[in-house]
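Chains as they are written, first to last, in numbering that gives the first Met the number 0: chain Z, 0 to 425; chain F, 0 to 425.
Just to be clear, a hint being listed does not mean it is correct.
Same chains, same label: a pair holds when it works inside one copy or across any pair of copies.
In silico PhoX-like cross-links for lysine-lysine, where the CA-CA straight-line distance does not exceed 25 Å [stated by the list, open to error]:
1. Lys-50 to Lys-316
2. Lys-327 to Lys-405
3. Lys-316 to Lys-405
4. Lys-47 to Lys-297
5. Lys-50 to Lys-297
6. Lys-297 to Lys-316
Note that these hints are calculated values from the structure, not bench results.
Since we're looking at a predicted model, the values are computed, not measured.
Number of protein chains: 2
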Amino acid sequence: MSATQIKNAVASGSLSCEAVARDCLERISARDGTLNAFAFVDPDLVLKQAKELDSLGERGALHGVPIGVKDVIITSDMPTGMGSPIFENYLSFEDAACVSQLRTAGALIIGKTVTCEFAGPAPSSTLNPHILSRTPGGSSSGSAAAVADFMVPLALGTQTGGSVVRPSSFCGIVGFKPSFGLINTHGVKPAAASLDTVGVMGRCVEDIELTFRVLTGAEPLAVDSEERPIRIGLCRTYAWTGADACSREAVEDAARRLASAGFHIEELDLPASSNDLPVTREIINDYERARAMAWEWKTHRRQISPRLSRALENGLKIPLDRYLDALKRVALCRVEASRLFDTVDLLLTPSANGEALSGLEDTGDHRFQSIWTQLRTPSIHLPTSSGPTGMPVGIQLVGRYQEDLKLLAIAQRVLSLLGSGPCVAV
Amino acid sequence: MSATQIKNAVASGSLSCEAVARDCLERISARDGTLNAFAFVDPDLVLKQAKELDSLGERGALHGVPIGVKDVIITSDMPTGMGSPIFENYLSFEDAACVSQLRTAGALIIGKTVTCEFAGPAPSSTLNPHILSRTPGGSSSGSAAAVADFMVPLALGTQTGGSVVRPSSFCGIVGFKPSFGLINTHGVKPAAASLDTVGVMGRCVEDIELTFRVLTGAEPLAVDSEERPIRIGLCRTYAWTGADACSREAVEDAARRLASAGFHIEELDLPASSNDLPVTREIINDYERARAMAWEWKTHRRQISPRLSRALENGLKIPLDRYLDALKRVALCRVEASRLFDTVDLLLTPSANGEALSGLEDTGDHRFQSIWTQLRTPSIHLPTSSGPTGMPVGIQLVGRYQEDLKLLAIAQRVLSLLGSGPCVAV
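Work out the full structure: start from the sequences and follow the hints.
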């Protein structure tokens, strides 16, 4: 069931929060020994909270909806391990702001989903539910696998490079990275604070829109009364030739089918300043991460993986002026890229390089996701296709900065046209 | 002694970290019973850490320098009370990033300085060291009073509206709010995340520049070989007529004296879009605060002061589109205001409305500070004058966004011309 279906069934009294919780716990119990999507689940705590939700007179906008929370987001009643031995069994005093907002809306936090170490590049132990020998992507590995495997209808992730969109693509779910700054990040362990974005992962756009509205106080978008066709810009980006044929074909196929359905499709190029983005991403990420993790570096250096240590060492060597120069180049690209939306409603672009990679050593690269993270635009992955080995692939839609609701409204129409229905099953 | 003098004396071996620490502790012990600048000081812990610093072979850039830390910034070895009963005796697992960076550079964290409740508008119990019946300003009340009263040479504060510059003005010290985003805020309790800025408070610009370089990895600014005069824009702002005569006169007097010293002074107006800033400040502050404090609001509502509760209630009622509209208006003003710096190096503008107010009920208003917080520009208060009752007043210098080092370099020259020397005593 989708989150929206659960919330409606709970609101009408035809389903109890406890029954929903038992369903999720059963699925987790049956499957998570294999998948390792969860870092922490306490069934007694979950059932206790479900019964409390059942006993409340008031019904929140997410009442009874089970949600998984990436294990870099703090919770006062469940440990937050950050994917690191440094934070083993760490119990925070507070809930993260987003967790508390979800709970205020009646959501049931089912457990903590496995994260790569500090939401970084080192792989996690989670397996891809489609083919167990493949990576689920990272760093929101557990959130993607848990949603794809029907353990929860929704999960929170975070994206600094491509950590929401890439695992969503590899696991065949819907993954939304909002505009930078719209979901409050208090209580989310920072990677690079000028890029870090809380994302929402689910199996349909409707559920994600509902969650986004709870977290931001957004009113439902009024239906556009204009009858003009939706204008989509096909944006291959500088990374296009590095993508597998299946990812390119997913985008071309989507463009063809949307054109047949009456959408206006035109080809658009990123501004030349976007060629700086692979370089600026490393500078900004490493500079900010090295400062955000000053405490771990000073006090627990030996418990940091070699891969992350290299990024921190690199970041500590970057002088302020080089960092500022990178920020300025990205800011320029943001201004230039925003003009793309003067002629189109959305961009259509690849989500990832291809199918999920074999093996767990590499969660994949962020080239197709980190463009939009740096540009701070909202982006969403839609599972619309499959690759040569039957693994999910799909498309990424990108909206204008701070026009998240418009992106979600159109994405819902696109997925119902291209996917297997308004609430796609993997 | 200034931080720079201490660090040099420690480096040369003429002074031990322990002796410096004992000096500070003695002053705190003698004075803080009256002033309430500190929320927490553990002399044994401080002396233990001072001895450890003495025992190290390596000398950091701030080796032995005692620093006070505002009590919304977490420390793993001292409780962080946030100025709220909710966090009474709260001991965090980590140090805030900025605290850990200072410690890595050899700084000695002396204690936690009193903050207004969650760095908000409700007053603290700290008294102004100049006249005890006056407010020290807020919300970095304790940091300002501790530096002004010679308990520490340096302290960290935070500014979301005017919480560094205003108390610095009311207490007659130097207070620096860097460009938004340059000092890492991990471990700083957020007020409004798109405005929150860690600031540095001291008695001379040199000490502040040293601290800023430690926190950002900035290289010392190469001395400008150009011989052209420094160009200062006298910017009265829309709030000018609401300022007391002493604040206006401090600015006019500085302009006259700088012109005599060879600076080029021209008058500049803020763009018309700046007239939105008082309104956008309330929208952005309340919207973001209500979300950042979702946990406190859900679980500890009765322990939040009525004044802060009103801001949170207001923030929860603001829909996303109204918030986004405010963000857009500020972004427009940032672009327009940045053009002011095409013809001048710095702006000269009032720091605060006037002298510190009588009584502790009101920490003063943020009209002259929150302009620059919203514009994200670096700004610094310099104590250059005194008001009708002999309390300190001064001027605020504002630099172009991300040109913090240039601002600090010129501010040092300005203070040596206008103040009582390169390291001004109050």
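We went through each hint and held it up to the structure:
In this homomeric assembly, Lys-50 and Lys-316 never come within 25 Å of each other (Cα to Cα): the closest approach is 52 Å inside a single copy and 29 Å across copies. For the homomeric pair Lys-327 and Lys-405, the shortest alpha-carbon distance between copies (17 Å) is at most 25 Å, but the shortest distance inside one copy (28 Å) is not. In this homomeric assembly, Lys-316 and Lys-405 come within 25 Å of each other (Cα to Cα) only across copies, at 22 Å, whereas the closest approach inside a single copy is 41 Å. Proximity of Lys-47 to Lys-297 under the C-alpha cut-off of 25 Å is restricted to the inter-copy arrangement: shortest distance 18 Å between copies versus 40 Å within a copy.
In this homomeric assembly, Lys-50 and Lys-297 come within 25 Å of each other (Cα to Cα) only across copies, at 19 Å, whereas the closest approach inside a single copy is 44 Å. In the homo-oligomer, the alpha carbons of Lys-297 and Lys-316 lie at most 25 Å apart inside one protomer (15 Å), although the nearest pairing across protomers, at 42 Å, exceeds that limit.
Comparing the model with each numbered hint stated earlier shows that hint 1 is the single one that does not hold.
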